[in-house]
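A.B. asks: On the provided structure of chain A, position chain B as indicated by the hints.
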Amino acid sequence: MSFPRRAVLRDSLSVAIPVGTYGAAFGAAAVAGGFSVLQACALSLLLFSGASQFAVVGVMAGGGTAISAVATGALLGIRNGLYGLRMAPILKLRGFRRILGAQITIDESTGVAISQENRGESAMRYGFFATGIGVFVFWNLFTLIGALSADSIGNPSSWGLDAAVPAAFLGLVWPRLIDRKTRFAALLAVVLSLSLTPVVGAGFPIIATVLIAIFLGWRSK
Amino acid sequence: MSQLWAAVIGASALCFLLKLLGYSLPESFLSNPRLQRINALIPVVLLSALVASQTLTKESSVIVDHRLAGVLVAALALKMRASFPVMMVAAAVTSATVYNFI
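Taken in sequence, the protein lines are chains A and B.
Whatever position you read off the first sequence (first residue = 1), add 57 for the numbering used here.
Whatever position you read off the second sequence (first residue = 1), add 212 for the numbering used here.
I should point out that these hints are in silico values taken from the structure, not numbers from a laboratory.
Keep in mind that this is a model prediction, so the values were computed, not measured.
There could be a bad hint or two in this list.
[What the hints assert, rightly or not] Some but not every residue of chain B turned toward chain A, in silico, with C-beta under 8 Å:
id, residue
1, 226
2, 234
3, 241
4, 274
5, 275
6, 278
7, 287
8, 311
9, 313
[As the list claims (entries may be wrong)] Now the in silico label distances, taken between C-beta atoms and shown as ranges:
id, chain 1, residue 1, chain 2, residue 2, range
10, A, 194, B, 277, 36 to 46 Å
11, A, 208, B, 236, 36 to 46 Å
12, A, 124, B, 313, 37 to 47 Å
[Said to hold, decoys possible] Pulled from the structure, derived: some chain A residues nowhere near chain B, Cβ distances all over 10 Å:
id, residue
13, 61
14, 174
15, 175
Note that the Cβ used here is the ideal one computed from N, Cα and C, for glycine as well.
This is chain A alone, in the form it adopts within the complex (with noise of 0.2 Å):
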């Protein structure tokens, strides 16, 4: 168990926090798209994922049904399967813990966890389990902030709240654009999604965009 615990601290701090706080942005946004502050911190409490969750409300928000917006969400969920995969051979978590754990399995606790690798597999444990708890804390208040300071501002769009969802979905996706073939997929999901929206109902043009991710990925270059 020799590692710099204080480092790994700062290391899980320093993204929780900023990451956190940013969880007023998703509050003010959901009750800004018609969720009650209770289904905003409900979300932030038991989906605990970022994009999941301002996708749920944005496809609520812009008039989908239920089910597109649950089928928006997991799909965007996914990935924190993925990371559980890559996580279990070094937490090793049984039984209840296994399910606090799978529950904080976010990018954040992930990426910290796997940028410890160099400092040993306790700081790796130690890295995810800090980070996870970290943003848990923070995100699931600064919810209920936003959430309540957006209750009572009246129009969402005389704030500039209709763009600030937009502008976060920007912010998530904008890291992910390294080379032509993810940006090709953007431009077509932009393309389809918007070509989609006068003749499908809401939801359905943002799943469309799957096959996009398929056809591309089909092929190995």
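C.D. replies: Here is chain B on its own, set in the frame of chain A:
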């Protein structure tokens, strides 16, 4: 149950099961390169489609309004490597300004 609660509970349950599934499947599940490539592209296409629909659609029509100004400023902020909160605030302030004054 309202549609909103159905979405909250359904998405939460399914996303939790996906997280738990990762701890229950054999690691070799990840080794198929085709699945890896498709999986890497899924967030890219879904998030891009969400950017487009949240910026440029209202109900079932494509429209240009104050939100586009906000998102263009967000893109500029990201290009200039602004932090997440700065980018969000810049987008909101721009959109609100266009909405209220133009």
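A.B. asks: All hints are to be evaluated individually against the structure, with a verdict given for each.
C.D. replies: Results for each hint:
no.: 1; hint: 226; in the structure: holds, 4 Å
no.: 2; hint: 234; in the structure: holds, 2 Å
no.: 3; hint: 241; in the structure: holds, 6 Å
no.: 4; hint: 274; in the structure: holds, 5 Å
no.: 5; hint: 275; in the structure: violated, 10 Å
no.: 6; hint: 278; in the structure: holds, 7 Å
no.: 7; hint: 287; in the structure: holds, 6 Å
no.: 8; hint: 311; in the structure: holds, 5 Å
no.: 9; hint: 313; in the structure: violated, 10 Å
no.: 10; hint: 194(A) - 277(B): 36 to 46 Å; in the structure: holds, 37 Å
no.: 11; hint: 208(A) - 236(B): 36 to 46 Å; in the structure: holds, 39 Å
no.: 12; hint: 124(A) - 313(B): 37 to 47 Å; in the structure: holds, 40 Å
no.: 13; hint: 61; in the structure: holds, 26 Å
no.: 14; hint: 174; in the structure: holds, 16 Å
no.: 15; hint: 175; in the structure: holds, 21 Å
Violation of the numbered hints given earlier is confined to hints 5 and 9; the remaining hints are satisfied by the structure.
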